[in-house]
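Let the sequences and hints guide you as you build the complete structure.
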Amino acid sequence: MTTTPPRPAVEIRDLHKSFGPLEVLKGIDFEVGQGEVVCVIGPSGSGKSTLLRCVDLLEEPTAGRIWVNGVEMTDPDVEVDAVRRGIGMVFQSFNLFPHLTVLNNLTIAQRRVLRRGRAEAERIARDNLERVGLTDKADVFPAQLSGGQQQRAAIARSLSMEPKLMLFDEPTSALDPELVGDVLTVMRKLAEDGMTMMVVTHEMAFARDVADRVVFMDGGVVVEQGPPQEVLGAPRHERTRAFLSRVLDPTRVAQLGQPDQAPEPPEAPGLPADGRHTI
Amino acid sequence: MKLRRRQRERLSLGIQYLVFIAIIAGVLFAADWDRLKDAFFRVDIIKSMFPTIITVALRNTILYTLGAFAFGLVFGTVLALMRLSRVAPYRWVATAYIELFRGLPALLVLFLVGYGIPIAFPEREIPGGVFGSIAIGLGLTAAAYMAETIRAGIQAVPKGQMEAARTLGMSHFTAMRTIVIPQAFRIVIPPLTNELILLTKDSSLAYVLGVTAQTIEVTKFGRDMLNDRVNATPLLVAGLAYLVITLPLSQVVRRLELRYAKAR
Chain X
1 MTTTPPRPAV EIRDLHKSFG PLEVLKGIDF EVGQGEVVCV IGPSGSGKST LLRCVDLLEE
61 PTAGRIWVNG VEMTDPDVEV DAVRRGIGMV FQSFNLFPHL TVLNNLTIAQ RRVLRRGRAE
121 AERIARDNLE RVGLTDKADV FPAQLSGGQQ QRAAIARSLS MEPKLMLFDE PTSALDPELV
181 GDVLTVMRKL AEDGMTMMVV THEMAFARDV ADRVVFMDGG VVVEQGPPQE VLGAPRHERT
241 RAFLSRVLDP TRVAQLGQPD QAPEPPEAPG LPADGRHTI
Chain D
1 MKLRRRQRER LSLGIQYLVF IAIIAGVLFA ADWDRLKDAF FRVDIIKSMF PTIITVALRN
61 TILYTLGAFA FGLVFGTVLA LMRLSRVAPY RWVATAYIEL FRGLPALLVL FLVGYGIPIA
121 FPEREIPGGV FGSIAIGLGL TAAAYMAETI RAGIQAVPKG QMEAARTLGM SHFTAMRTIV
181 IPQAFRIVIP PLTNELILLT KDSSLAYVLG VTAQTIEVTK FGRDMLNDRV NATPLLVAGL
241 AYLVITLPLS QVVRRLELRY AKAR
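Chains X and D are the protein sequences, given in the same order.
full-length UniProt numbering puts the first residue of the first sequence at 1, with every later residue one more than the last.
full-length UniProt numbering puts the first residue of the second sequence at 1, with every later residue one more than the last.
Treat the hints as calculated values from the structure; they're not laboratory data.
Be aware that one or more of the hints could be misleading.
[Said to hold, decoys possible] Facing chain D, a subset of chain X residues (Cβ under 7 Å, in silico): (1) F19; (2) D56; (3) L58; (4) D81; (5) R84; (6) R85; (7) M89; (8) S93; (9) F97; (10) H99; (11) N104; (12) A109; (13) R112; (14) V113; (15) M161.
A virtual CB, placed ideally from N, CA and C, is assigned to each residue, including glycine.
So, in structure tokens, the structure goes:
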């Protein structure tokens, strides 16, 4: 192993996750390359959020292995707090700390986790607030912000930890429609700056314009993945087509209440199994 | 004559005020004010209670209350965290403790601490003497109540708060200390105020430990004076002394809640 190529940001092998008797993830193989922007789409209940949460170990996988930046998250002895420092997570419900000002939301983990001094932490925090266009909101409490502002503050909070990988769990789903654009603009800028991103989203336009690769999940498996123009423009699988037509043309009543006539899920498109991951 | 709607309303309101005033006036006139004043409001006795009631009795009541509250708050928080622990024996112990001490009268616990501990550990003394005994004795019971309140407060903090803190790399402990518990305490300020007010009054149980002139608190002071002067005036003054504590306390907490309201 002398000329190892850089490890992907995320590698997932045969990931299974069950909640009680309900199997949500049924064997996922998945990668996110360094600098790559991957959008995960699919109907609700398809397991896409669970997949994302498994990457940060917010959900404990039932079986399978996950590596983040070359560190195995599923190793029982992994220093999970240390690995999480390199991963930013953005939630659907923002999860800003309501008892702290926006500035302190951005500095608390820097100071407690990275042990940065107050001045340095605040400088980095203000830089990131500027990045998301909230320079003037440093000293207010989250409750005084709109949803879109809260989400941008949450993104800035993650960025303040200088992560190598950002995970987004339906970041715009809780927002009023007119506030979605601001958040997506921030995310697009982030992608252009070269951030590695894994985004679970229903924003098809964002996936089409920003993603390097789109992954369609349904029923706990990856049904189809590829460049956005292929998966969104010319989907190969019936389930992808059915999903896209529902999302892009939601008023088509002909399908109302009809179950999908899709065949059994095909095997996920094979990823190269080259034995790099045997430790 | 038929009244219009507004006239009817005005008449009804007038009658209600009249009844109210009549009852007040009735009580005021019927009571024998001279005898009442003689039994409960002898100015010479009131004067004789000052300044001791403030400098000693009220001071001690406040000290005992704060001591018991501080002990109860710290111990109650520990119990709450034990109740939420992943370690099953911690949960069992905390649950058993809470059930036991919520069920025992505070008076009994104070007795057990005041007389039981010196018997069990003859070599050692409870730090702080009477003050320590009262703080621990009342605090043990208060902790059981506060533990349940604090546990509810911790569980009322949305799960996403812990998740967000953990994804920023914080340990469970750091996340609990800097993110979850501060929010939980904002939630439980009203019920904890209740507990503080209850403790203020429970501090009157201190007499079972045999207080001296130096360690006397408001109720015992009032009762002693009652026996001394064969007059109920000291009880009235003692009662007012408690209100001097509890009424401003309610105000302070209301302010505190308002201040935190925007940070919720």
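Residue hint X:D81, partner chain D, criterion CB-CB below 7 Å: Nearest chain D Cβ about 5 Å off; hint holds.
Supplied contact hint for X:L58, tested at 7 Å Cβ to chain D: At 6 Å from the nearest chain D Cβ, X:L58 passes the 7 Å test, so the hint holds.
Interface hint for X:R85, Cβ within 7 Å of any Cβ on chain D: holds, 4 Å
Restraint check, 7 Å cut-off on beta carbons, for X:S93 near chain D: holds, 6 Å
Chain D contact restraint for X:F19 - C-beta distance below 7 Å: violated, 15 Å
Residue hint X:M161, partner chain D, criterion CB-CB below 7 Å: holds, 6 Å
Restraint satisfaction for X:H99 [CB to CB of chain D, less than 7 Å]: Holds, because the Cβ-Cβ distance from X:H99 to chain D comes to roughly 5 Å (cut-off 7 Å).
X:D56 as an interface hint toward chain D, with CB separation required under 7 Å: Constraint on X:D56 satisfied, holds at 6 Å.
X:F97 as chain D interface residue, shortest Cβ-Cβ below 7 Å: Where the cut-off is 7 Å and the nearest Cβ of chain D is about 6 Å from X:F97, the hint holds.
Supplied contact hint for X:R112, tested at 7 Å Cβ to chain D: Status holds, d = 5 Å.
Hinted contact X:R84 with chain D - closest CB pair below 7 Å: Since the shortest Cβ distance to chain D is 5 Å, the answer is holds.
Residue hint X:N104, partner chain D, criterion CB-CB below 7 Å: Check failed: Cβ of X:N104 comes no nearer than 10 Å to chain D, outside 7 Å.
The structure fails hints 1, 11 (numbered hints given earlier, in ascending order).
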